[in-house]
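**Student:** Now for the letters of each chain:
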Amino acid sequence: MVEKSIGQRVLRKEDVRFITGKGQYTDDINLRGQAFAYFVRSPVARATIGHIDVSDAESAPGVIAVLTGQQLAKDGLGTLPCGWMVLSKDGSEMKQPPHPIMAADSIHYAGEPVAIVVASTYQAARDAAERVVVDYDELDAVVDLATAQDSDQIYPEVPRNTSYEWELGDREATMAAIAGAHHVTRLTLRNNRLIPNAIEPRAAIADFNPSTEELTLYTTSQNPHVVRLVLTAFIQIAPEHKLRVVAPDVGGGFGSKIFIYSEETAVAWASKRLGIPIKWTGERSESFLADAHGRDHLTDAVLAMDEEGHFLGLHVKTRANMGAYLSTFASSVPTYLYGTLLAGQYKTPNIYVEVDAVFTNTAPVDAYRGAGRPEATYLLERIVEIAASEMSLSPAEIRRRNFITDFPYQTPVALEYDIGGYDASLTKALEMADWDGFESRRGEARARGKLRGIGLSCYIEACGIAPSKVVGSLGAGVGLWESGEVRVNPTGSVSVLTGSHSHGQGHETTFAQLVASRLGISVDDVGVIHGDTARLDFGMGTYGSRSLAVGGSALSSAADKIVVKARKIAAHLMQSDEDSVEFDDGVFTVKESNRSKTFQEVAFAAYVPHDYPDDLEPGLAEKAFYDPANFTFPAGAYVCEVEIDPDTGVTRIVKFTAVDDFGEVINPMIVEGQVHGGLAQGIGQALLEQCVYDDSGQLMTGSYMDYCMPRADDLPDFDIAMTVTPCTHNPLGAKGCGEAGAIGSPPAVINAITNAIGIREIDMPATPERVWRAIQQAGGQ
Amino acid sequence: MGKITVNLTVNGRAVSQQCEANTTLVDLLRQGLDLTGTHVGCDTSQCGACTVHLDGRAVKACTVLAAQADGSNVVTIEGIGNRDNLHPMQAAFRQCHGLQCGFCTPGMIMTGIELVNQGQADDDDSIRAGLEGNICRCTGYHNIVRAVATGARAMKE
Numbered sequence: 000m001v002e003k004s005i006g007q008r009v010l011r012k013e014d015v016r017f018i019t020g021k022g023q024y025t026d027d028i029n030l031r032g033q034a035f036a037y038f039v040r041s042p043v044a045r046a047t048i049g050h051i052d053v054s055d056a057e058s059a060p061g062v063i064a065v066l067t068g069q070q071l072a073k074d075g076l077g078t079l080p081c082g083w084m085v086l087s088k089d090g091s092e093m094k095q096p097p098h099p100i101m102a103a104d105s106i107h108y109a110g111e112p113v114a115i116v117v118a119s120t121y122q123a124a125r126d127a128a129e130r131v132v133v134d135y136d137e138l139d140a141v142v143d144l145a146t147a148q149d150s151d152q153i154y155p156e157v158p159r160n161t162s163y164e165w166e167l168g169d170r171e172a173t174m175a176a177i178a179g180a181h182h183v184t185r186l187t188l189r190n191n192r193l194i195p196n197a198i199e200p201r202a203a204i205a206d207f208n209p210s211t212e213e214l215t216l217y218t219t220s221q222n223p224h225v226v227r228l229v230l231t232a233f234i235q236i237a238p239e240h241k242l243r244v245v246a247p248d249v250g251g252g253f254g255s256k257i258f259i260y261s262e263e264t265a266v267a268w269a270s271k272r273l274g275i276p277i278k279w280t281g282e283r284s285e286s287f288l289a290d291a292h293g294r295d296h297l298t299d300a301v302l303a304m305d306e307e308g309h310f311l312g313l314h315v316k317t318r319a320n321m322g323a324y325l326s327t328f329a330s331s332v333p334t335y336l337y338g339t340l341l342a343g344q345y346k347t348p349n350i351y352v353e354v355d356a357v358f359t360n361t362a363p364v365d366a367y368r369g370a371g372r373p374e375a376t377y378l379l380e381r382i383v384e385i386a387a388s389e390m391s392l393s394p395a396e397i398r399r400r401n402f403i404t405d406f407p408y409q410t411p412v413a414l415e416y417d418i419g420g421y422d423a424s425l426t427k428a429l430e431m432a433d434w435d436g437f438e439s440r441r442g443e444a445r446a447r448g449k450l451r452g453i454g455l456s457c458y459i460e461a462c463g464i465a466p467s468k469v470v471g472s473l474g475a476g477v478g479l480w481e482s483g484e485v486r487v488n489p490t491g492s493v494s495v496l497t498g499s500h501s502h503g504q505g506h507e508t509t510f511a512q513l514v515a516s517r518l519g520i521s522v523d524d525v526g527v528i529h530g531d532t533a534r535l536d537f538g539m540g541t542y543g544s545r546s547l548a549v550g551g552s553a554l555s556s557a558a559d560k561i562v563v564k565a566r567k568i569a570a571h572l573m574q575s576d577e578d579s580v581e582f583d584d585g586v587f588t589v590k591e592s593n594r595s596k597t598f599q600e601v602a603f604a605a606y607v608p609h610d611y612p613d614d615l616e617p618g619l620a621e622k623a624f625y626d627p628a629n630f631t632f633p634a635g636a637y638v639c640e641v642e643i644d645p646d647t648g649v650t651r652i653v654k655f656t657a658v659d660d661f662g663e664v665i666n667p668m669i670v671e672g673q674v675h676g677g678l679a680q681g682i683g684q685a686l687l688e689q690c691v692y693d694d695s696g697q698l699m700t701g702s703y704m705d706y707c708m709p710r711a712d713d714l715p716d717f718d719i720a721m722t723v724t725p726c727t728h729n730p731l732g733a734k735g736c737g738e739a740g741a742i743g744s745p746p747a748v749i750n751a752i753t754n755a756i757g758i759r760e761i762d763m764p765a766t767p768e769r770v771w772r773a774i775q776q777a778g779g780q
Numbered sequence: 377m378g379k380i381t382v383n384l385t386v387n388g389r390a391v392s393q394q395c396e397a398n399t400t401l402v403d404l405l406r407q408g409l410d411l412t413g414t415h416v417g418c419d420t421s422q423c424g425a426c427t428v429h430l431d432g433r434a435v436k437a438c439t440v441l442a443a444q445a446d447g448s449n450v451v452t453i454e455g456i457g458n459r460d461n462l463h464p465m466q467a468a469f470r471q472c473h474g475l476q477c478g479f480c481t482p483g484m485i486m487t488g489i490e491l492v493n494q495g496q497a498d499d500d501d502s503i504r505a506g507l508e509g510n511i512c513r514c515t516g517y518h519n520i521v522r523a524v525a526t527g528a529r530a531m532k533e
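If you're matching them up, the sequences are chains V and Y in order. No gaps in the numbering here: position 420 of the first sequence is 419 in our numbering, and each next residue is one more. Heads up: take any position in the second sequence, counting from 1, add 376, and you land on our numbering.
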């Protein structure tokens, strides 16, 4: 008997290669005859390009070619598309200035690629890149989001530098609710701009075979099939059947490796032009300059309440910084992944949200862990916290009074929550955090000269993006299903192919547990294959915490199909009829008999069909495509407790409690790891991380010396637990866990800091300087 | 720039490599010797993904010239254990789920061993302080701290 592994803390199958240094990341791959690429990037944020002189670079040692954006434009390639159409209030389409693969005539952010130098060594390419002379006619950069709409127009076709003015919800009803309310709480806040910083920089190797015209692209992608589709359909790099995209081991993504970028596209083009394999590996400096950034919102909000603190209406007006261009999914982030989440866990009857998407001369901004949902949660959980104080209610009480308790629940902002148990998560979190004992801890800290504070956050997120029909009606350019295939090998081991992509999430283990449990075989007998368009027909990839809920559901369906066919084979082998055959724990048995066949015996018969049913095809492999019926709605309650040194302003997190409801869990060890990582990124946003550009559009935080990444000694141990309400509409009952930590934690941290100091507001990141100044302003208490 | 010859011992094997004088140790390992387990995650000596042992001490191989390693004994992640005979620190990282994407992991393991060797892995605070020069974006460090503590106990046994 094989132990059912669902719900077990199975150690990860992928770990051995990583801990022994045998992972295979893109930069670890070297192809015979490969050349190396280095990009010439604009040193200025906004300019028109005059003459580009490549002659000196071309004659530098080892240089094979110098190719410019101007040549690329002449070759007639397409531009980098944004895959989600958002409409403005007046029904007009979002304005989408062309996003060139490399700039040809104008520059829109510092770091934008202008030319690519290809040489026999990386060092030669890099040295020669310094010899490319570009005439830049510099223009005043538009950098500040707060003033960008009234600044110089960056693109002739985009008045007020505004791509779209989107709205959702009932304006009139919301305004009426606010006008008639007992109390309104107002809040203006900024959601700070972040740089994703997966520790593996992006990289790409393009290998064009001039004889077959086949192009293989190895790239650091979360969704290789989407890369293939975009490079084919929009950029015309190669026909889809001649383009193979491989995303091997990928060293973290967090959203930043979803997108189709200039570099892999230009490298593919260059390989095709030159007929040789070309490798580009980004430096960390390039990651800072040219990976899509995250967040960057300015928001005004009004929350209206009755006498008892019941929410009556919420009006939100947000300006979202898109950077210089609309990146691959950028337009969806501050709209369908943000505005739709503004109900949170609360039955606010009237919500109206307006979002202006604004261009600036900064790197493009797109999805970063949480993508819109952290921004919604931060706003909501900050304004609710302030409202509690203004209404003289405890943070827990105001939330409980407004919790949604009846499901399914239709929010006023388009989503229908299928299930949740918000009070259960909150109650558990308060217990674990010993909320009731806080005042004595505060007193004890005060005696030591420290300020102690506690903060709460109750988040919801929408994951699994999402039913294709729904997202299509909302402007998505792609369907958002997932595919999976279960191939049973003749000896009964199983190869699982998934369109999801693992870049740290542990799919090789979780998916093996899932399929092994369904087929009653050992986890060791299941291998998971992903990340190669040549091995799986199509897939949508990994983002939005969707891999298990959507990708896993596809595998569940495929495994079900395997059992259906295997049962027919088993019935034949046992000379029984199909309905009399039961399958349990890897064994087919004829009811009320001692006849049985193992899964392995049936698999063998499928491939060595000497004794085989006439009406069945040989072989045992099944595919499934799963299109979710709804989003999933993970939710939870987080409590942060901080201690602040008033002399230095340094905030130390002394306890962090997270209670999450992810539905059913296959591997709790992996899920906890996902929560830990998300919390670290959320705490990083709250305390440490801030992307800064100066007034001329120069990135001031362009290295780990300047951009404050969370390090081991910045973070506490995390105290985490789960409550479970199973998702109602997928076969696994799973909701998704990848982003929750980053979504729920920032407001918990900030609420704890404002509580400690006794102030209403403080900006993220709450650096020691900001905290110290806030303490001084509050009277140095 | 002229070529130089560097003679060193890598994972117990004597090697002689010709390289440019400005070649870093990590480039020599990755490109010259195809030891790709040592990674490069930044360009400012901050992330620690390239950590190896040079004459028994942890160094960031992006900040050591190959020439400086001439005559030295270098140990990389590939040299401390393998699938059938994992180093206790490697085993601890797996046991404690101390890795996710795996990219920072070789550097974390090499630093973890250094902390034990230097007597800086006795409690969580020391481990956290000792890991300050290694950045992980996936794990939030919680399980890495567990792993180093577990590996430290196993190394002492």
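By construction, these hints were calculated from the structure, which means they are not laboratory data. We put the beta carbon where it would ideally sit given N, CA and C, even for glycine. Take the hints with a grain of salt, since some may be wrong.
Just some of the chain Y residues that point at chain V, by a computed CB distance under 10 Å [to be verified]:
#  : residue
1  : Gly378
2  : Gly413
3  : Cys423
4  : Leu462
5  : Phe469
6  : Arg470
7  : Gly474
8  : Leu475
9  : Pro482
10 : Asn519
From the structure, some residues in chain Y lie toward chain V, with a derived Cβ separation under 8 Å [as the list claims (entries may be wrong)]:
#  : residue
11 : Val391
12 : Cys395
13 : Glu396
14 : Gln422
15 : Ala425
16 : Val451
17 : Thr452
18 : Gly457
19 : Cys477
20 : Gly478
21 : Phe479
22 : Thr481
23 : Ile485
24 : Cys514
25 : Tyr517
**Student:** Please go over all the hints and tell whether each is borne out by the structure.
**Tutor:** Here's how the hints hold up against the structure:
A least Cβ separation of about 13 Å between glycine 378 of chain Y and chain V goes past the 10 Å threshold, and the interface hint is therefore violated. Interface hint at glycine 413 of chain Y: satisfied, since its Cβ lies 2 Å from the closest Cβ of chain V, which is below the 10 Å cut-off. About 6 Å separates the beta-carbon of cysteine 423 of chain Y from the nearest beta-carbon of chain V, less than 10 Å, and the hint is met. Residue-level restraint check for leucine 462 of chain Y holds (minimum Cβ-Cβ distance to chain V is 7 Å; threshold 10 Å).
Using the Cβ-Cβ criterion of 10 Å, the hint placing phenylalanine 469 of chain Y at the interface with chain V is satisfied: the shortest such distance is roughly 5 Å. Hint status for arginine 470 of chain Y relative to chain V: holds, with the closest Cβ pair at about 4 Å, below 10 Å. Because the smallest distance between the Cβ of glycine 474 of chain Y and any Cβ of chain V comes to about 9 Å, under 10 Å, the interface hint for this residue holds. Because the beta carbon of leucine 475 of chain Y sits about 6 Å from the nearest beta carbon in chain V, less than 10 Å, this interface hint is met.
Look at proline 482 of chain Y: its Cβ gets to within about 5 Å of chain V, closer than 10 Å, so that hint holds up. For the restraint placing asparagine 519 of chain Y at the interface with chain V, the shortest Cβ-Cβ distance is roughly 6 Å, inside the 10 Å limit, so the hint holds. For valine 391 of chain Y, the interface hint is violated, since its Cβ never comes within 8 Å of a Cβ in chain V; the closest pair sits about 17 Å apart. The interface hint given for cysteine 395 of chain Y is violated, since its Cβ lies 11 Å from the closest Cβ of chain V, which is over the 8 Å cut-off.
Contact between glutamate 396 of chain Y and chain V, as hinted, is supported at the beta carbon level, the nearest pair being about 7 Å apart and thus within 8 Å. Satisfaction of the interface hint for glutamine 422 of chain Y is found here, the shortest Cβ-Cβ separation to chain V being roughly 4 Å, below the 8 Å cut-off. Look at alanine 425 of chain Y: its Cβ gets to within about 6 Å of chain V, closer than 8 Å, so that hint holds up. The restraint placing valine 451 of chain Y at the interface with chain V is violated, with a minimum CB-CB distance near 11 Å, outside the 8 Å limit.
A cut of 8 Å between beta carbons decides the hint on threonine 452 of chain Y: the least distance to chain V is about 7 Å, and the hint holds. A least Cβ separation of about 7 Å between glycine 457 of chain Y and chain V falls short of the 8 Å threshold, and the interface hint therefore holds. The interface hint given for cysteine 477 of chain Y is met, as the beta carbon of that residue sits about 3 Å from the closest beta carbon of chain V, less than 8 Å. Taking 8 Å as the C-beta cut-off, the interface hint given for glycine 478 of chain Y holds, the closest approach to chain V being about 3 Å.
Against a cut-off of 8 Å between C-beta atoms, the interface hint on phenylalanine 479 of chain Y holds, since the closest Cβ of chain V lies about 3 Å away. A cut of 8 Å between beta carbons decides the hint on threonine 481 of chain Y: the least distance to chain V is about 5 Å, and the hint holds. With a least beta-carbon distance of about 6 Å to chain V, the hint placing isoleucine 485 of chain Y at the interface is held under the 8 Å criterion. Evaluation of the cysteine 514 of chain Y hint against chain V yields a held restraint, the C-beta minimum of about 5 Å falling below 8 Å.
Taking 8 Å as the C-beta contact cut-off toward chain V, the hint placing tyrosine 517 of chain Y at the interface holds, the least distance being around 4 Å.
Checked against the numbered hints given earlier, the structure breaks hints 1, 11, 12 and 16 and satisfies all the rest.
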